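**Q** Protein chains in written order, with this note's numbering: chain B, 1 to 303; chain U, 1 to 303; chain C, 1 to 303; chain W, 1 to 303.
To be clear, the hints were calculated from the coordinates, so they are not data collected in a lab. Since this is a predicted model, take the numbers as computed values, not measurements. Errors might be hidden in some of the hints.
No copy labels: a pair is met if it fits in one copy or bridges any two.
[Unchecked claim] Straight-line distance between alpha carbons at most 20 Å, and here's what the computed SDA-like set of lysine to any residue pairs gives: (1) K298 <-> E276; (2) K298 <-> G245; (3) K195 <-> P31; (4) K195 <-> G32; (5) K298 <-> E128; (6) K195 <-> W96; (7) K298 <-> D277; (8) K196 <-> N231; (9) K195 <-> Q205; (10) K195 <-> E256; (11) K195 <-> Q105; (12) K298 <-> P58; (13) K195 <-> N278; (14) K196 <-> L75; (15) K298 <-> L76; (16) K195 <-> Q233; (17) K298 <-> N278; (18) K195 <-> A238; (19) K196 <-> H295; (20) K196 <-> Q235; (21) K298 <-> L44; (22) K196 <-> N278; (23) K196 <-> Q229; (24) K195 <-> Q86; (25) K196 <-> R21; (26) K298 <-> D138; (27) K298 <-> P232; (28) K195 <-> R145; (29) K196 <-> L272.
Protein chains: 4
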Amino acid sequence: MQLGMIGLGRMGANMAQRLQRGGIAVTGFDPGAEARERAAAAGLPVVDGLQALLQALPAPRVLWLMVPAAAVDALLDELLPLLSPQDLLVDGGNSWYRDSQRRAQRCGQARLDYVDCGTSGGVWGLSEGYCLMLGGADDALARLRPALQALAPAPDRGWAHVGPVGAGHYCKMIHNGIEYGMMQAYAEGFALLQKKAEFALDLPQLAETWRHGSVVRSWLLDLSAEALQRNPQLQGIAPYVQDSGEGRWTVNEAIELDVPAPVITLSLLERLRSREDNSFADRLLAAMRAGFGGHALKRSADG
Amino acid sequence: MQLGMIGLGRMGANMAQRLQRGGIAVTGFDPGAEARERAAAAGLPVVDGLQALLQALPAPRVLWLMVPAAAVDALLDELLPLLSPQDLLVDGGNSWYRDSQRRAQRCGQARLDYVDCGTSGGVWGLSEGYCLMLGGADDALARLRPALQALAPAPDRGWAHVGPVGAGHYCKMIHNGIEYGMMQAYAEGFALLQKKAEFALDLPQLAETWRHGSVVRSWLLDLSAEALQRNPQLQGIAPYVQDSGEGRWTVNEAIELDVPAPVITLSLLERLRSREDNSFADRLLAAMRAGFGGHALKRSADG
Amino acid sequence: MQLGMIGLGRMGANMAQRLQRGGIAVTGFDPGAEARERAAAAGLPVVDGLQALLQALPAPRVLWLMVPAAAVDALLDELLPLLSPQDLLVDGGNSWYRDSQRRAQRCGQARLDYVDCGTSGGVWGLSEGYCLMLGGADDALARLRPALQALAPAPDRGWAHVGPVGAGHYCKMIHNGIEYGMMQAYAEGFALLQKKAEFALDLPQLAETWRHGSVVRSWLLDLSAEALQRNPQLQGIAPYVQDSGEGRWTVNEAIELDVPAPVITLSLLERLRSREDNSFADRLLAAMRAGFGGHALKRSADG
Amino acid sequence: MQLGMIGLGRMGANMAQRLQRGGIAVTGFDPGAEARERAAAAGLPVVDGLQALLQALPAPRVLWLMVPAAAVDALLDELLPLLSPQDLLVDGGNSWYRDSQRRAQRCGQARLDYVDCGTSGGVWGLSEGYCLMLGGADDALARLRPALQALAPAPDRGWAHVGPVGAGHYCKMIHNGIEYGMMQAYAEGFALLQKKAEFALDLPQLAETWRHGSVVRSWLLDLSAEALQRNPQLQGIAPYVQDSGEGRWTVNEAIELDVPAPVITLSLLERLRSREDNSFADRLLAAMRAGFGGHALKRSADG
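Model the full structure from these sequences, guided by the hints.
**A** What follows is the structure, encoded as structure tokens:
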């Protein structure tokens with residue numbers, strides 16, 4: 001099987017490499033010269049333009065997109081005029097599922113196949129395999145099968161055809177919502193261990209212990225144990241937590257579906273909170289307290 | 001009616017003054033010389049010891065305690081040996097209702113009457129009257145009636161005998177829990193108005209407008225409008241919100257009663273959060289994200 | 001001043017009446033015959049078609065829309081061809097502010113004026129006046145001034161020009177978010193009072209007491225006191241809480257603005273929760289507990 | 001090594017069996033005849049009284065308690081008069097850590113050793129090993145070492161001496177708090193998948209897929225996959241979720257430590273909510289909405 005990988009960032013380059021190891025002939029392209037060079041140095045056949053990529057692949061082509069969600073539409077604008085009926089596009093990035101449905105429809109009008117693939121596994125996917133949730137038509141999935149088997153952790157494990165186009169990214173979105181909740185649960189728990197001066201607990205030891213036999217053992221705990229081992233006080237790390245879209249979409253979706261998801265929702269809100277500087281809400285609360293109770297206010301530097 | 005006021009801080013001194021205005025003969029005492037002098041300067045007869053206070057009052061005495069919750073037990077240790085049967089103690093501070101029940105029992109063994117009084121109104125109570133929730137025996141309440149009528153905003157309004165000892169402070173505790181939730185709701189709302197750069201909203205104008213005819217009009221909104229009028233950007237006020245115990249007790253009580261109170265609970269947690277410095281939970285979240293996604297970490301100064 | 005009121009439901013009919021009382025000449029229209037008859041019976045001049053309404057008004061006309069948010073676009077489709085430049089449309093309903101901005105632009109292309117008006121006060125507005133938050137151009141607002149003075153609780157009180165079109169409904173949206181949070185805070189508090197069997201508290205008494213002098217006094221408390229007075233155990237009322245859109249929009253907006261609003265958010269989620277039947281999440285939790293702990297499951301009837 | 005196991009319920013009986021497999025000579029006792037018979041049938045030497053148990057063990061004795069937290073004090077009342085200095089008691093149940101500290105002090109006065117052991121693993125511990133968090137003195141831990149090695153999933157893995165007495169149960173309490181949060185995150189996520197009728201997702205398939213390579217893989221996911229496999233619609237399972245104490249303690253502790261733990265807290269509150277019948281808060285919300293908006297109320301059967 002031959003496949004073109006568009007987008008050779010952290011995820012795309014690793015996936016290309018794992019596909020190669022699995023016997024898939026991959027040709028790569030990235031608009032950035034640096035990303036192309038890095039991938040070429042790692043042994044990936046790389047071309048320097050979309051046109052060249054399409055020529056390098058036998059018809060009907062299979063193109064796997066690993067680009068930021070915000071870049072997909074522009075890429076399709078460029079790609080579509082160059083493609084031929086039966087070419088197959090896979091969006092393996094973190095697109096919103098409604099966007100994927102819209103894009104699949106657009107591609108369908110040009111008789112192109114479209115598959116949305118939620119991809120989990122992060123930087124560890126290269127060695128451990130990726131978990132893939134795919135939405136699309138049966139025959140499109142059948143064409144992708146060798147690639148999926150190579151990317152997944154083991155044959156017939158860790159990938160699934162979950163429904164029509166959109167379903168793949170929907171499942172990935174919810175997956176990430178769960179991830180937010182789990183991460184927040186661990187974060188709160190370890191904060192409660194760390195704050196308990198009375199016991200002077202050894203967090204790396206405890207995380208490592210929980211990895212074996214406990215109800216909370218998980219891959220995220222494995223990572224936490226490693227992070228705490230390296231840096232038990234998490235020194236030098238700012239309490240500043242980014243989010244990348246799926247959490248927000250999950251919260252909006254939950255509300256649209258009338259399904260209360262308080263823990264996933266609060267996990268997102270805590271991330272927003274971590275990035276707040278000089279919260280207006282908190283200042284108003286302090287001012288109100290002073291207003292009715294005569295409580296002294298803590299002054300800030302900007303006063 | 002004659003009454004001894006113990007504790008001449010912000011609340012006690014104001015209440016003594018309102019009682020005087022209502023025709024109650026009040027004698028005051030505070031362990032702090034400064035508080036005594038301030039109250040005396042404001043026209044309150046003040047004595048400089050508990051013994052003197054008790055001698056100044058006709059038997060059976062009425063003593064109103066306005067001291068910090070943490071100081072009540074020590075005060076009782078000192079007072080009890082000096083009191084006589086039928087003397088009546090009112091705890092008008094923010095004690096935990098279980099403590100009030102315990103103290104009432106202790107006083108009962110010495111044949112003293114005990115009333116717990118939840119007091120709301122803050123520094124505005126002097127001019128607008130206090131809202132009083134009282135727990136205790138009928139005859140104790142009957143003896144207090146003139147004082148209650150004087151303290152309340154209007155005769156037979158704003159005070160109530162809500163149950164046996166403990167019930168007064170229980171109701172005040174829940175009252176404060178509600179207060180936390182309302183304050184947080186306003187704080188979030190105004191933060192959303194303030195952040196909406198697109199409209200450059202005039203917060204003092206809006207708060208003032210809402211005071212008339214809107215569903216959210218309230219006394220806390222009156223205070224917010226005033227605070228925003230004085231300082232529309234809340235400049236110089238640190239985003240640091242204290243809590244004084246009743247919120248915590250409410251959350252614990254809710255859990256003990258198996259009653260979910262998410263909004264009151266979250267309101268407390270937001271206050272804890274406002275006082276956090278360099279959250280360990282957030283740092284661990286950032287470290288985990290870096291661990292699985294290779295996301296760049298924001299570094300802090302302590303690294 | 002003359003004004004056409006479109007939509008004679010609960011809100012529209014009451015507002016027309018208050019305008020009349022304030023000396024404004026109002027002509028009303030509603031697509032429903034029943035609503036028209038009810039309004040006519042209450043003394044409002046009513047016509048039975050849009051065309052008739054427009055003929056009844058002097059140019060340039062002022063039309064006030066009190067229709068469901070979902071009906072505004074269709075109404076504009078019908079109205080726009082019939083209107084003339086300088087006619088002024090006011091949307092006094094609960095539209096999403098982005099919709100109002102879009103509609104204002106559409107109207108602007110036809111040289112019509114557009115004002116969005118967030119209206120608070122509910123069924124009590126007729127007697128107590130409405131709180132109005134208006135977005136639009138200065139001259140449009142100037143034309144509306146007599147109507148605003150009549151609708152508001154008092155002259156120059158309770159209405160404000162808060163910004164350009166969109167700002168009115170934005171402020172109303174946030175207002176309702178705050179309302180959700182306040183309502184939830186009271187609801188939780190009273191639930192904690194009700195559940196405390198030990199004290200057998202009298203909820204109507206307590207609500208009434210808090211109305212005078214307490215920090216939590218508010219108009220929503222006035223309503224709660226009344227509701228509890230009428231029905232202290234709230235018998236016959238299902239624990240089923242609707243929401244009408246603004247809460248959802250507020251939560252989405254908060255996330256878009258990166259402003260954590262946990263209390264407003266949780267208030268919405270509690271409403272969703274109140275309407276859930278046979279929660280899948282809770283059943284999975286129960287199944288998981290059984291899975292690791294061997295805990296017995298409570299069976300449901302559908303098993 | 002010889003050891004007496006007191007409490008032969010699900011946990012105690014399994015642990016005794018795993019100890020035996022690991023070469024530890026265990027004698028068991030349970031106050032219930034049925035539990036004793038079941039354990040005896042499974043091959044455990046069982047005695048029918050505490051006295052007999054103590055006689056069966058060489059001095060200084062090692063006694064492992066696997067009884068409900070609420071039964072520990074009464075058991076100690078019975079046991080202490082029968083024990084001799086240097087006997088060692090291990091509380092392997094889910095006691096509150098402050099209770100364990102108090103009990104250790106009481107035992108210390110009788111020159112008995114006391115170790116608190118947080119035990120995780122549930123019914124799967126028998127086959128997969130238990131995760132053990134131990135608090136106590138070094139020499140007490142040294143005496144227990146063979147038993148810990150036998151109970152743990154693998155030698156030197158999954159057990160740790162985490163601090164002085166109390167630290168073991170403290171860590172287990174936090175562990176369970178994390179567990180609540182993780183469970184709730186999964187539950188919400190699967191509910192969002194289940195409700196999405198548009199995609200008709202296959203939940204067992206998805207859970208199984210996520211087990212391989214995804215960021216959310218964990219042991220709790222393994223259990224969820226199994227539960228969904230067995231019963232994809234979770235039919236017959238009531239949406240009723242118990243809690244067993246540690247979650248409440250974690251929430252209280254978090255507040256005491258001034259550490260906001262919103263996700264763990266909300267997870268507990270959702271369990272309380274799942275058990276609520278005819279929520280007073282929701283009924284008051286509905287009544288308030290009717291009060292200001294004239295919204296129709298949904299009636300319940302009790303009206």
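**Q** Now, for every hint given, state plainly whether the structure supports it.
**A** Now for the hints, and whether the structure bears them out:
1. Taking the shortest Cα distances, K298 and E276 sit within 20 Å of each other both inside one copy (18 Å) and across copies (14 Å).
2. When the C-alpha separation of K298 and G245 is checked against a cutoff of 20 Å, the pair qualifies only between copies, where the shortest distance is 19 Å, while the shortest distance within a copy is 35 Å.
3. For the homomeric pair K195 and P31, neither the shortest alpha-carbon distance inside one copy (47 Å) nor that between copies (36 Å) is at most 20 Å.
4. Taking the shortest Cα distances, K195 and G32 never come within 20 Å of each other, neither inside one copy (45 Å) nor across copies (36 Å).
5. Taking the shortest Cα distances, K298 and E128 never come within 20 Å of each other, neither inside one copy (51 Å) nor across copies (27 Å).
6. For the identical chains of this complex, K195 and W96 are inter-copy neighbours only, at 18 Å across copies versus 38 Å inside a copy, given an alpha-carbon limit of 20 Å.
7. Taking the closest pair of Cα atoms, K298 and D277 come within 20 Å of each other both inside a single copy (16 Å) and across two copies (15 Å).
8. Proximity of K196 to N231 under the C-alpha cut-off of 20 Å is restricted to the intra-copy arrangement: shortest distance 18 Å within a copy versus 39 Å between copies.
9. In this assembly of identical chains, the alpha carbons of K195 and Q205 lie at most 20 Å apart only when taken from the same copy (16 Å versus 40 Å across copies).
10. In this homomeric assembly, K195 and E256 come within 20 Å of each other (Cα to Cα) only across copies, at 11 Å, whereas the closest approach inside a single copy is 38 Å.
11. In this homomeric assembly, K195 and Q105 never come within 20 Å of each other (Cα to Cα): the closest approach is 53 Å inside a single copy and 24 Å across copies.
12. Proximity of K298 to P58 under the C-alpha cut-off of 20 Å is found in neither arrangement, the shortest distances being 69 Å within a copy and 44 Å between copies.
13. Only between protomers do K195 and N278 lie at most 20 Å apart by alpha-carbon distance; the minimum there is 12 Å, versus 24 Å within a single protomer.
14. For the identical chains of this complex, K196 and L75 are neighbours neither inside a copy (52 Å) nor across copies (29 Å), given an alpha-carbon limit of 20 Å.
15. For the identical chains of this complex, K298 and L76 are neighbours neither inside a copy (54 Å) nor across copies (33 Å), given an alpha-carbon limit of 20 Å.
16. In the homo-oligomer, the alpha carbons of K195 and Q233 lie at most 20 Å apart inside one protomer (11 Å), although the nearest pairing across protomers, at 34 Å, exceeds that limit.
17. For the identical chains of this complex, K298 and N278 are neighbours both inside a copy (13 Å) and across copies (18 Å), given an alpha-carbon limit of 20 Å.
18. In this assembly of identical chains, K195 and A238 lie within 20 Å of each other by CA distance solely inside one copy; the values are 17 Å within and 24 Å between copies.
19. Proximity of K196 and H295 under a CA criterion of 20 Å is satisfied in neither setting, with 29 Å inside one chain copy and 30 Å between copies.
20. Taking CA atoms no more than 20 Å apart as the test, K196 paired with Q235 passes inside one copy only; the shortest distance there is 18 Å, against 35 Å between copies.
21. Taking CA atoms no more than 20 Å apart as the test, K298 paired with L44 passes in neither setting, with 59 Å inside one copy and 32 Å between copies.
22. For the identical chains of this complex, K196 and N278 are inter-copy neighbours only, at 16 Å across copies versus 27 Å inside a copy, given an alpha-carbon limit of 20 Å.
23. In this assembly of identical chains, K196 and Q229 lie within 20 Å of each other by CA distance solely inside one copy; the values are 19 Å within and 40 Å between copies.
24. Proximity of K195 to Q86 under the C-alpha cut-off of 20 Å is found in neither arrangement, the shortest distances being 59 Å within a copy and 33 Å between copies.
25. Within a single copy, K196 and R21 get their C-alpha atoms no closer than 48 Å, and across copies no closer than 37 Å, so neither meets the 20 Å cut-off.
26. Proximity of K298 to D138 under the C-alpha cut-off of 20 Å is found in neither arrangement, the shortest distances being 63 Å within a copy and 40 Å between copies.
27. In this assembly of identical chains, K298 and P232 lie within 20 Å of each other by CA distance solely across copies; the values are 17 Å between and 32 Å within a copy.
28. Proximity of K195 to R145 under the C-alpha cut-off of 20 Å is found in neither arrangement, the shortest distances being 49 Å within a copy and 29 Å between copies.
29. Proximity of K196 to L272 under the C-alpha cut-off of 20 Å is restricted to the inter-copy arrangement: shortest distance 16 Å between copies versus 26 Å within a copy.
Comparing the model with each earlier hint shows violations of hints 3, 4, 5, 11, 12, 14, 15, 19, 21, 24, 25, 26 and 28; every other hint is respected.
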